[in-house]
Structures are given as structure tokens and as C-alpha cells.
Amino acid sequence: MSQQVNTRVEDTSPVVGSSLWQDAWQRLKKNKLAMLGVVILLIIILVSTFGPLLSSYSYDQINLDRNSEPPSWEHWFGTDQLGRDILVRTLVGGRISLMVGIIATAVSFVIGVTYGAISGYFGGYIDELMMRIVDIIYSLPYLFLVIVLLAFFTKSIFMLFFILGGVSWLTMARIVRGQVLSIKNQEFIEAARAVGVETPMIIFRHVIPNTLGPVIVYTTLTIPSAMLSEAFLSFLGLGVQPPLASWGTMVNDGVEAIAVYPWQLIFPGLLMAVTLFSLNFLGDGLRDALDPQMRKD
Amino acid sequence: MSTNIILSVRNLQTYFYGDGSVVKAVDGVSFELKKGETLGIVGESGSGKSVTSLSILRLIAYPPGKIIGGEVVFDNKDLMKLSESEIRRIRGKRIAMIFQDPMTSLNPFMTIGAQLKEITELHEGLSSSQARKKAIEMLELVGISDASRRIDDYPHQFSGGMRQRVMIAMALSCKPELLIADEPTTALDVTIQAQILELIKGLKEKIGTSVILITHDLGIVAGMTDHIAVMYAGKIVEYAPTEELFSTPHHPYTKGLLKSVPDPMTDQKQLFQIPGLPPDLSRLPKGCPFSPRCSNVKAECQEFPPIKQINANHYSACWLEN
Amino acid sequence: MLKLIIRRLLGMIPVLFIIITLTFFLIRLAPGNPFANDKAFPEEVIQALNKQYGLDKPLHIQYFNYITELAKGNLGPSTRYAGKTVNEMIAEHLPTSLALGLIAYGFALILGVSIGIISSLRQNSSLDYLSMAIAMFGISIPSFVLGPLLVIVFSLTLFWLPPARWGEPKHLILPALTLSAIYIAYIARLTRSGMLEVLRADYIRTARAKGLTESVVVLRHALRGGIIPVVSFTGPALTFLLAGTIVVEKIFVIPGLGRIFIEAANSRDYFVVMGLTLFVSILLVIMNLLVDIVIGLLDPRISYK
Numbered sequence: 001m002s003q004q005v006n007t008r009v010e011d012t013s014p015v016v017g018s019s020l021w022q023d024a025w026q027r028l029k030k031n032k033l034a035m036l037g038v039v040i041l042l043i044i045i046l047v048s049t050f051g052p053l054l055s056s057y058s059y060d061q062i063n064l065d066r067n068s069e070p071p072s073w074e075h076w077f078g079t080d081q082l083g084r085d086i087l088v089r090t091l092v093g094g095r096i097s098l099m100v101g102i103i104a105t106a107v108s109f110v111i112g113v114t115y116g117a118i119s120g121y122f123g124g125y126i127d128e129l130m131m132r133i134v135d136i137i138y139s140l141p142y143l144f145l146v147i148v149l150l151a152f153f154t155k156s157i158f159m160l161f162f163i164l165g166g167v168s169w170l171t172m173a174r175i176v177r178g179q180v181l182s183i184k185n186q187e188f189i190e191a192a193r194a195v196g197v198e199t200p201m202i203i204f205r206h207v208i209p210n211t212l213g214p215v216i217v218y219t220t221l222t223i224p225s226a227m228l229s230e231a232f233l234s235f236l237g238l239g240v241q242p243p244l245a246s247w248g249t250m251v252n253d254g255v256e257a258i259a260v261y262p263w264q265l266i267f268p269g270l271l272m273a274v275t276l277f278s279l280n281f282l283g284d285g286l287r288d289a290l291d292p293q294m295r296k297d
Numbered sequence: 298m299s300t301n302i303i304l305s306v307r308n309l310q311t312y313f314y315g316d317g318s319v320v321k322a323v324d325g326v327s328f329e330l331k332k333g334e335t336l337g338i339v340g341e342s343g344s345g346k347s348v349t350s351l352s353i354l355r356l357i358a359y360p361p362g363k364i365i366g367g368e369v370v371f372d373n374k375d376l377m378k379l380s381e382s383e384i385r386r387i388r389g390k391r392i393a394m395i396f397q398d399p400m401t402s403l404n405p406f407m408t409i410g411a412q413l414k415e416i417t418e419l420h421e422g423l424s425s426s427q428a429r430k431k432a433i434e435m436l437e438l439v440g441i442s443d444a445s446r447r448i449d450d451y452p453h454q455f456s457g458g459m460r461q462r463v464m465i466a467m468a469l470s471c472k473p474e475l476l477i478a479d480e481p482t483t484a485l486d487v488t489i490q491a492q493i494l495e496l497i498k499g500l501k502e503k504i505g506t507s508v509i510l511i512t513h514d515l516g517i518v519a520g521m522t523d524h525i526a527v528m529y530a531g532k533i534v535e536y537a538p539t540e541e542l543f544s545t546p547h548h549p550y551t552k553g554l555l556k557s558v559p560d561p562m563t564d565q566k567q568l569f570q571i572p573g574l575p576p577d578l579s580r581l582p583k584g585c586p587f588s589p590r591c592s593n594v595k596a597e598c599q600e601f602p603p604i605k606q607i608n609a610n611h612y613s614a615c616w617l618e619n
Numbered sequence: 620m621l622k623l624i625i626r627r628l629l630g631m632i633p634v635l636f637i638i639i640t641l642t643f644f645l646i647r648l649a650p651g652n653p654f655a656n657d658k659a660f661p662e663e664v665i666q667a668l669n670k671q672y673g674l675d676k677p678l679h680i681q682y683f684n685y686i687t688e689l690a691k692g693n694l695g696p697s698t699r700y701a702g703k704t705v706n707e708m709i710a711e712h713l714p715t716s717l718a719l720g721l722i723a724y725g726f727a728l729i730l731g732v733s734i735g736i737i738s739s740l741r742q743n744s745s746l747d748y749l750s751m752a753i754a755m756f757g758i759s760i761p762s763f764v765l766g767p768l769l770v771i772v773f774s775l776t777l778f779w780l781p782p783a784r785w786g787e788p789k790h791l792i793l794p795a796l797t798l799s800a801i802y803i804a805y806i807a808r809l810t811r812s813g814m815l816e817v818l819r820a821d822y823i824r825t826a827r828a829k830g831l832t833e834s835v836v837v838l839r840h841a842l843r844g845g846i847i848p849v850v851s852f853t854g855p856a857l858t859f860l861l862a863g864t865i866v867v868e869k870i871f872v873i874p875g876l877g878r879i880f881i882e883a884a885n886s887r888d889y890f891v892v893m894g895l896t897l898f899v900s901i902l903l904v905i906m907n908l909l910v911d912i913v914i915g916l917l918d919p920r921i922s923y924k
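Residue numbers (the working numbering), protein chains in the order written: chain Y, 1 to 297; chain D, 298 to 619; chain X, 620 to 924.
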């Protein structure tokens with residue numbers, strides 16, 4: 001090489017380095033709608049966790065003398081057809097809805113990440129077989145199967161966690177597999193293998209952490225979709241069973257008396273919409289922040 | 298002003314705005330082009346040569362880019378002042394463009410026939426069947442064999458060189474007075490490059506078009522152009538007749554460029570490289586933008602060098618004495 | 620193209636077979652019986668009914684019988700509505716659900732694509748932000764909340780449209796709007812991002828350099844590539860659309876297939892549940908095939924070899 005080549009390169013001012021996560025956080029902070037989503041979510045989580053403790057009513061306290069009352073000082077959101085306080089029920093229902101969303105997502109996360117990582121890491125026949133299975137499951141009318149499952153078997157809330165988690169891992173598996181495929185041939189993985197690190201160790205310590213960006217984004221977007229599915233099933237009477245309430249069951253109860261007691265539907269319905277709205281905005285914001293290439297502009 | 302001049306660009310400025318910074322991609326570019334001549338614009342990537350050519354037809358997307366000043370006089374009209382519909386009547390008809398990457402510059406969803414036809418239907422008012430005849434004629438002219446059959450093919454069914462021929466056929470359909478070729482051969486194989494350049498040269502004579510040829514490769518402009526403008530960091534740093542630029546370059550950057558063209562005649566052991574990196578246009582040094590890489594830096598270089606006339610046709614923006 | 624269609628149709632046979640087998644055993648292994656729910660029936664009657672519907676035979680024989688009947692195109696009888704076959708029930712209720720679904724999706728396509736194009740052309744304008752915020756709202760609001768809200772506004776407050784009636788075309792408006800809201804939103808977002816990507820492409824610059832007007836550039840050159848994501852979305856959308864009809868039919872008391880399905884699932888109407896699941900699966904596979912064909916027509920680079 002010519003001597004001249006290396007002169008003066010140091011004159012170009014250095015680019016300030018920052019990690020992927022710091023960068024992402026900076027971008028997320030700039031996204032007003034996503035930050036609004038975070039704030040609303042925090043408020044909803046706090047209020048639905050602690051709110052019911054402060055109320056003198058409980059979610060299953062029936063008072064038939066005071067059924068279907070409009071909102072008042074005593075019952076801010078009014079009462080339902082059994083005289084139960086709608087505010088407390090909405091908050092307790094929020095707990096259930098959020099819990100279903102989070103647990104079902106966790107289930108789908110564990111299955112999807114493991115499945116995708118194994119498929120992508122081993123490649124070849126194993127990958128082909130595993131992905132073919134995913135393709136077949138994809139082509140099933142899964143919501144109909146879920147309905148059949150819930151209608152024919154038990155309608156417990158645990159069933160809901162697993163069924164909803166069990167049907168939403170497919171996309172996660174595909175995302176992880178794609179990421180793993182592109183990462184596994186990079187040099188640092190070769191290096192780990194060369195020094196004799198065991199395969200599961202490589203997968204969990206090296207491969208998975210490097211697939212996190214898209215996985216986090218997809219996880220955030222799975223929570224609202226699981227919540228939506230729960231509400232959908234509860235609305236059809238197949239999800240959460242009385243006396244327990246979720247937003248879906250409350251809307252279902254409210255629909256019957258919509259002409260006379262609209263508040264029975266409006267409060268839980270709107271709260272649910274606001275929550276999903278916030279989660280979706282947060283998910284969108286995270287996608288823009290974590291994966292600039294995936295940006296939708 | 299001589300009527301012999303077809304295009305006159307004066308103090309053109311095109312800036313790009315993003316995340317609080319301004320990139321002065323083209324910053325005060327001026328040049329003239331005589332009727333029937335070919336001008337080469339040469340520079341590294343990011344020197345502003347492509348932005349200059351896009352600015353002439355106002356094809357800069359806003360945001361992020363914006364033409365903030367200057368004149369582009371074509372046929373006694375300042376193109377910058379025309380209405381949208383007036384400039385559209387010039388685009389494709391009187392000034393046509395060929396782009397760098399023929400793989401992506403043709404619409405993959407439309408047959409090449411449809412893409413060729415729409416330009417003559419629009420500007421010449423041809424009927425669909427006339428336009429088809431014209432399209433086949435143009436394809437034959439650029440050397441596509443079996444044109445009447447291939448006209449219904451899609452771009453992906455053509456090779457890169459063939460696609461660039463299609464682009465040329467499209468650009469020349471309306472016999473434009475000016476053809477702007479933006480790196481027309483960069484994406485092609487070396488053997489194809491020569492064919493495409495010969496084709497442009499031949500058709501230029503035939504149709505009588507003036508040409509602006511933009512490239513980063515001095516070897517390409519040598520046999521093609523009458524004048525050469527060398528661009529660096531958004532400015533023209535040297536302008537001269539082709540032969541003179543090659544024989545007596547003035548600006549240190551031009552000299553560096555010329556030295557980095559491999560010459561099989563001399564027994565070079567290693568290739569020359571201009572030291573340093575192309576400048577970051579959002580953080581230009583004070584004064585002469587080339588000074589950080591220049592081997593003849595002087596105290597004056599802290600100031601921006603004015604463009605100096607060296608002789609009748611030769612200009613250079615450098616503090617160096619002859 | 621014909622080869623592709625034949626190969627895909629043959630390819631769907633194993634998938635459908637898996638679905639049939641899975642649903643069959645899932646349903647039969649579940650506790651309960653179509654007649655055991657009705658406590659009014661004495662034990663002998665239940666046994667007689669089981670015998671009548673062939674439910675007294677060993678499971679593998681029943682499975683074999685079902686497949687044999689299926690091969691003849693016979694989906695079996697309803698255990699809930701005596702004397703009715705599943706084929707008759709589908710024929711009777713399908714037109715309703717189909718009309719609802721098609722109108723809703725047509726609605727969604729027209730509105731969604733238009734909103735998406737306008738948003739992409741005015742990227743980062745307040746109009747763009749507003750439509751995308753509304754789109755996000757459309758994605759976030761569940762249909763069973765939106766439907767009742769629309770009823771409250773348009774039927775109970777403004778008295779413009781009747782709630783929960785069926786028969787006249789205007790009775791379709793609120794249900795179709797409820798069903799399509801989320802797809803309008805999705806399609807608008809997909810169109811916008813698809814168009815933004817295409818509008819940045821080199822060939823769009825070429826089209827502008829030819830002097831074409833902006834509307835020709837957008838509609839002739841950009842739209843074709845820009846709406847491919849929307850077309851791909853149609854396959855998965857159908858799954859959710861079908862599920863959506865269940866909800867909408869419940870809210871607006873519409874006699875469609877969705878309601879039949881839920882009723883059947885809750886009353887263990889074996890053959891109806893099986894028949895409808897199978898029917899929906901076939902519909903899905905055919906729809907996905909259609910989507911692939913349309914994409915093949917839109918994008919000449921895709922060849923089926």
C-alpha cells in the first residue's frame with residue numbers, strides 16, 4: 001500500500017458511537033404517540049391493579065334493588081343488570097384482559113422462539129420439516145378450531161392462556177427462524193463453535209439475544225391481538241366465565257340492553273379500545289425505533 | 298449571449314434537509330453547454346453530479362431535497378420558473394434522461410412496449426398503433442433484434458445491457474434536444490459499457506442531440522466529450538476542454554483523479570489513490586473543501602478559492618498559481 | 620397457470636384430510652353428547668337417537684363412515700334440527716354471510732386503498748397523520764364494541780338506520796361497516812407503506828422524467844407494485860373476516876353461517892361443526908390460491924415453474 005493512503009484519515013471527525021438500544025430509546029422518546037401509549041398503559045395498569053382495592057364495592061357484589069342505574073356519584077360508571085358496580089367490574093375485567101394478553105403472549109413467545117431458533121439453527125431437513133408443519137397449521141381456520149376446543153372442552157381461563165398462546169406462535173417462529181438463519185453464519189458464531197461451545201449454549205447465549213429486536217416488536221403487537229381474541233371469545237360466551245368479568249364479557253352483557261342502558265357497554269368497550277390503541281401505538285413506535293429498516297416511514 | 302448555447306446553468310443550489318442538518322449537495326454550480334456538444338461531469342460519488350442533473354429537470358423529491366437557488370436557462374426560459382405542467386412538457390420531449398441502473402429504472406410491472414409507447418403518445422400525440430410502430434422502430438435503432446416480438450416482453454426478460462438500450466430508445470423517442478446520461482454504464486459489464494457508449498455517440502450524431510454525460514470514470518469521458526467539468530463537494534472545481542484537461546490539469550483534485558486512472562503504457566507498480574475519504578457534505582471544512590486531502594495546502598486554503606480563468610476555456614477553483 | 624391450479628388443488632387434499640381428522644377426533648373425544656344436554660330426554664330415547672345418527676358405533680367405524688359420505692359430497696345430518704342436512708343449512712345461510720363478507724371487503728378495498736394512496740402522496744402531512752391515527756383506531760377498536768356504538772349513534776340517537784333488522788339492502792349498511800372497519804384500517808396502512816416504497820423506486824423517477832403527469836405516475840406506474848401487499852393480505856384477512864361475521868351476525872341478529880356455527884358448537888351438533896369447519900377450510904385454501912394467481916398476474920417477475 002502506498003504511504004499516502006493512510007495520511008490524514010484521522011482528520012475526518014469521528015462518528016459518535018452509541019449502542020443499538022440507546023439509539024432505539026432516543027428514537028422511541030421522539031415518537032409522541034408511542035410515548036402517550038406508554039403513559040396511558042401505565043395508568044391503566046396501575047388503576048386496574050389498585051383501583052378495585054380502594055372501592056367499597058366488589059366486582060361480584062350483587063344488589064338487585066339497584067340494577068341498571070345510570071352513572072352517579074355512588075357508581076361512577078353506573079351498575080349492571082345485577083346491580084354490580086360497573087367501574088369496579090371494568091377495572092377487574094381490565095386485569096383479566098391484560099393478564100390473558102400477557103400470559104398468552106408469554107406462551108407464544110416461549111414456543112415460537114424455541115421452535116424458530118431450533119429450526120433456523122439446524123437448517124436442512126429439520127428446518128424444512130418444521131417449517132412445513134408451520135405452513136400447514138397456518139392454513140387451518142384456527143379461530144374456528146379454538147371455538148370448537150372451548151365449546152367442547154372446559155371453558156377455564158387457563159385453557160384460554162394456552163389456546164391463545166398456542167395459536168399465535170407461528171409468526172414468531174418464522175421471524176426468529178429468519179433472524180437465526182441470517183445470524184448463524186456470521187463470524188462470531190463460527191468463533192464460538194470453533195472454541196467448542198455446546199450447541200444449546202450457542203443457541204441460547206449467542207443466537208437468541210441477537211434476534212431480539214424484531215422479536216420484541218412482534219411480542220408487543222401480540223399482546224393486543226391476544227387481548228382481542230380473548231375479548232372475542234368472551235363476547236361469544238366461550239372465554240372468561242361469570243362471575244369473573246373481562247372486557248369481552250362485559251360488552252357481551254351490555255349489547256343485550258344497548259337501547260336502554262348504553263353505559264353498560266360504552267365504559268368497558270371504550271377502555272378496551274383505548275388500551276389496544278396504546279399497545280398498538282407502542283408496538284409501532286418500537287418497530288420504528290428498533291428496526292429502522294422495517295420503518296414504514 | 299450566444300444563441301449557440303442550449304443550456305446554461307447559473308449558480309445552481311440544491312440542498313437536502315434531514316434531522317437538523319443540511320447537506321449542500323449542489324452548491325453554486327454554473328456551466329454552459331453548446332448545441333451539439335457533449336459535456337462530461339466527473340466526480341466521486343456524493344460530489345453532487347447526479348443531483349445536478351436531476352435538478353435541471355426539477356426531479357428532486359421534496360422533502361428532503363430542495364432546489365433553493367440558481368437558474369437553468371434552456372431555450373431562453375428559466376426552467377426553475379416554469380409551472381409544473383410547463384416543465385412536464387419539456388421532460389422526456391426536449392430534455393430526456395438515462396439513469397444509472399437499468400435494472401431498476403424500468404418499471405418491472407409493465408412491458409417495455411407500454412413504457413416506450415406512453416412517451417410518444419404523450420408528447421407526439423401518436424395513436425396506440427402508431428406509437429407501437431414507433432417503439433419497434435426505436436428498439437431496432439438501438440440494436441435490439443427481433444424488436445417486434447420483444448416489445449411485449451417485461452424488463453426482467455432482458456439483460457442489463459439490453460435494458461439500457463431500451464432506456465436509450467425511450468429517451469430518444471421524441472428526438473430530444475438534450476440528453477442527460479447519468480452514469481449510463483456504471484452498472485454494466487466492461488464489454489457492454491463500450492457498446493452502450495458507442496451507441497450514445499452514434500445516435501447523438503444521427504439525431505443531433507446535445508449530451509451531458511455524468512460519470513465517475515475519467516476513462517469514459519475521454520473519447521466522448523468536448524468539455525469536462527470536475528465536481529467536488531457540490532461545486533465545479535475545474536472546467537476545461539477535454540484534451541486540455543487531460544494534458545494540463547490545474548486543480549490538485551483533477552490531477553489526483555487523472556493519476557488514479559491506471560495507465561498500461563507506464564510501468565506502474567501500484568495504483569495511485571487520492572488520500573483520505575470523500576467529504577461529509579453536512580460537515581465540510583472551512584475554506585476549500587478539498588484542503589484536508591490536498592498535498593499542496595497553503596494558508597490561503599482556509600478561505601474558499603474563487604473560480605479563476607486560466608485561459609479562454611479553462612477555469613479552476615484553486616489558490617495555486619499556474 | 621392451469622398446471623399451478625391443479626397442483627395446488629391436489630396439494631390441498633392432505634391439508635383438508637388433516638383438518639377433517641383433527642376436528643373429528645377433537646369433537647368426539649370431548650366429553651358430552653349432542654343429546655345428553657337435553658335433560659328432558661330419557662335414556663332410551665338418547666340411545667335410539669344415537670343409533671339413528673350412527674353415533675353408537677365404534678369411533679373408527681364412524682370416522683370411516685363419515686369419510687365415505689364426505690366422498691359423495693354428503694356432509695351429514697344436523698342432530699339439533701331434525702330432518703335438516705348440513706348441506707341444506709349451508710345452502711340456506713351461506714348467501715347471507717357471503718353478501719355481508721363481500722360487501723364489507725369491497726368497502727374495505729375501495730376506502731382503504733384510496734386512503735392509503737392519499738396518505739402516501741402527502742407523506743408526513745397533517746392529513747397523513749390524521750388518517751393513520753384513525754386507521755390505528757380502526758385496528759384497535761374491536762368489532763363488537765364498534766358495532767354497538769354505531770347502533771347507539773345511527774339507530775338509537777339519529778334514527779337513520781334500523782338496529783338488528785335483516786332483509787332490505789339498507790339493513791346491510793351498519794353490519795358491513797362494522798365488519799369492514801378493521802380492514803379499511805389495515806388496507807390503508809398496507810397501501811400507504813407499499814406505495815411509499817414504490818414511490819421511492821428508480822422507475823418512478825424514470826416515469827417522472829418522461830414528463831408524465833403525477834396521476835399517471837401514481838395510477839399507472841406505482842399502484843400496481845404498491846398494492847401487492849394488499850392483495851397478499853386478502854388471504855389472511857378472509858380468516859378474520861369469517862370470524863368477524865360470527866360477531867357481527869350476533870350483534871345485528873343476522874341469520875348467517877356464523878351464528879349457526881356458534882349454536883352448533885354450543886349444542887355439540889357434530890356434523891354441523893365438522894361440515895362448517897371443513898367448508899371454511901376449503902374456502903380459505905381456494906382464496907389463498909386466488910390470491911397467488913392475482914399476484915402472479917400483477918407481478919410478471921413471478922413465474923410458476
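Since the hints were made in silico from the structure, they are not lab data.
We put the CB at the ideal spot given by N, CA and C, even for glycine.
Check the hints yourself; a few may be wrong.
[Stated by the list, open to error] Lysine-lysine pairs mimicking DSBU-like chemistry, simulated, CA-CA at most 35 Å apart:
hint: 1; chain 1: X; residue 1: K869; chain 2: Y; residue 2: K155
hint: 2; chain 1: D; residue 1: K552; chain 2: D; residue 2: K331
hint: 3; chain 1: D; residue 1: K321; chain 2: D; residue 2: K501
hint: 4; chain 1: D; residue 1: K321; chain 2: D; residue 2: K378
hint: 5; chain 1: Y; residue 1: K30; chain 2: D; residue 2: K363
hint: 6; chain 1: Y; residue 1: K155; chain 2: X; residue 2: K703
hint: 7; chain 1: D; residue 1: K498; chain 2: D; residue 2: K378
hint: 8; chain 1: D; residue 1: K331; chain 2: D; residue 2: K556
hint: 9; chain 1: X; residue 1: K622; chain 2: X; residue 2: K869
hint: 10; chain 1: D; residue 1: K321; chain 2: D; residue 2: K583
hint: 11; chain 1: Y; residue 1: K29; chain 2: D; residue 2: K321
hint: 12; chain 1: Y; residue 1: K155; chain 2: X; residue 2: K622
hint: 13; chain 1: D; residue 1: K556; chain 2: D; residue 2: K605
hint: 14; chain 1: D; residue 1: K583; chain 2: D; residue 2: K363
hint: 15; chain 1: X; residue 1: K703; chain 2: X; residue 2: K676
hint: 16; chain 1: D; residue 1: K363; chain 2: Y; residue 2: K29
hint: 17; chain 1: Y; residue 1: K30; chain 2: D; residue 2: K556
hint: 18; chain 1: Y; residue 1: K155; chain 2: X; residue 2: K670
hint: 19; chain 1: D; residue 1: K378; chain 2: D; residue 2: K472
hint: 20; chain 1: D; residue 1: K498; chain 2: Y; residue 2: K30
hint: 21; chain 1: X; residue 1: K691; chain 2: X; residue 2: K676
hint: 22; chain 1: Y; residue 1: K32; chain 2: D; residue 2: K363
hint: 23; chain 1: D; residue 1: K321; chain 2: Y; residue 2: K32
[Said to hold, decoys possible] Here chain X is said to cover these stretches of chain D; the calculated rule only asks that three of the stretch's residues, wherever they fall, bring their Cβ under 8 Å from a Cβ of chain X:
hint: 24; segment: 432–442
hint: 25; segment: 586–599
Okay, the hints, checked on the actual structure:
The straight-line distance between the Cα atoms of X:K869 and Y:K155 is roughly 20 Å, inside the 35 Å bound, and the hint therefore holds. Among the hinted pairs, D:K552 with D:K331 is consistent with the structure: their alpha-carbon atoms are about 26 Å apart, no more than 35 Å. For the suggested pair D:K321 and D:K501, the alpha carbons sit about 33 Å apart, so the restraint of at most 35 Å is met. Taken as a hint, the D:K321 and D:K378 pair is honoured in the structure, with Cα atoms around 21 Å apart against an allowance of 35 Å.
For the hint pairing Y:K30 with D:K363, the CA-to-CA distance comes to about 25 Å; that is within 35 Å, so the pair holds. Proximity of Y:K155 to X:K703 is assessed by CA-CA distance (about 29 Å); at most 35 Å being required, the pair is judged to hold. Restraint check for D:K498 and D:K378: satisfied, since their Cα atoms lie roughly 32 Å apart, inside the 35 Å limit. Taken as a hint, the D:K331 and D:K556 pair is honoured in the structure, with Cα atoms around 29 Å apart against an allowance of 35 Å.
As the CA atoms of X:K622 and X:K869 are separated by approximately 41 Å, the hinted pair breaks the 35 Å bound. Distance restraint check for D:K321 and D:K583: the Cα-Cα separation of roughly 14 Å lies within the 35 Å cut-off, and the hinted pair is therefore satisfied. Straight-line distance between C-alpha atoms of Y:K29 and D:K321 comes to about 29 Å, which keeps the hinted pair within the 35 Å bound. Proximity of Y:K155 to X:K622 is assessed by CA-CA distance (about 45 Å); at most 35 Å being required, the pair is judged violated.
With a C-alpha separation of about 23 Å, the suggested pairing of D:K556 with D:K605 holds against the 35 Å cut-off. Only pairs whose Cα atoms come within 35 Å are accepted, and D:K583 paired with D:K363 is accepted, the gap being roughly 23 Å. Proximity of X:K703 to X:K676 is assessed by CA-CA distance (about 22 Å); at most 35 Å being required, the pair is judged to hold. Distance check on the hinted pair: D:K363 and Y:K29 sit about 29 Å apart at the alpha-carbon level, within 35 Å; holds.
Proximity of Y:K30 to D:K556 is assessed by CA-CA distance (about 48 Å); at most 35 Å being required, the pair is judged violated. With a C-alpha separation of about 29 Å, the suggested pair Y:K155 and X:K670 falls inside the 35 Å cut-off, and the hint holds. Note on D:K378 and D:K472: the hinted pairing holds, with a Cα-Cα distance of about 24 Å set against a maximum of 35 Å. A C-alpha spacing of about 52 Å is found between D:K498 and Y:K30, which places the hinted pair above 35 Å, so the restraint is violated.
Taking the CA atoms of X:K691 and X:K676, the gap is near 21 Å; set against the 35 Å cutoff, the hint holds. At roughly 27 Å between alpha-carbon atoms, Y:K32 and D:K363 fall within 35 Å of each other, so this suggested pair holds. The suggested pairing of D:K321 with Y:K32 holds, with an alpha-carbon distance near 30 Å, which does not exceed 35 Å. With 0 residues bearing a CB less than 8 Å from a CB of chain X, the segment 432–442 of chain D misses the requirement of three and the coverage assertion fails.
Under a criterion of three residues with beta carbons nearer than 8 Å to beta carbons of chain X, the stated coverage of the segment 586–599 of chain D fails, only 0 such residues being counted.
Violated hints for the displayed structure, listed by number in ascending order: 9, 12, 17, 20, 24 and 25.
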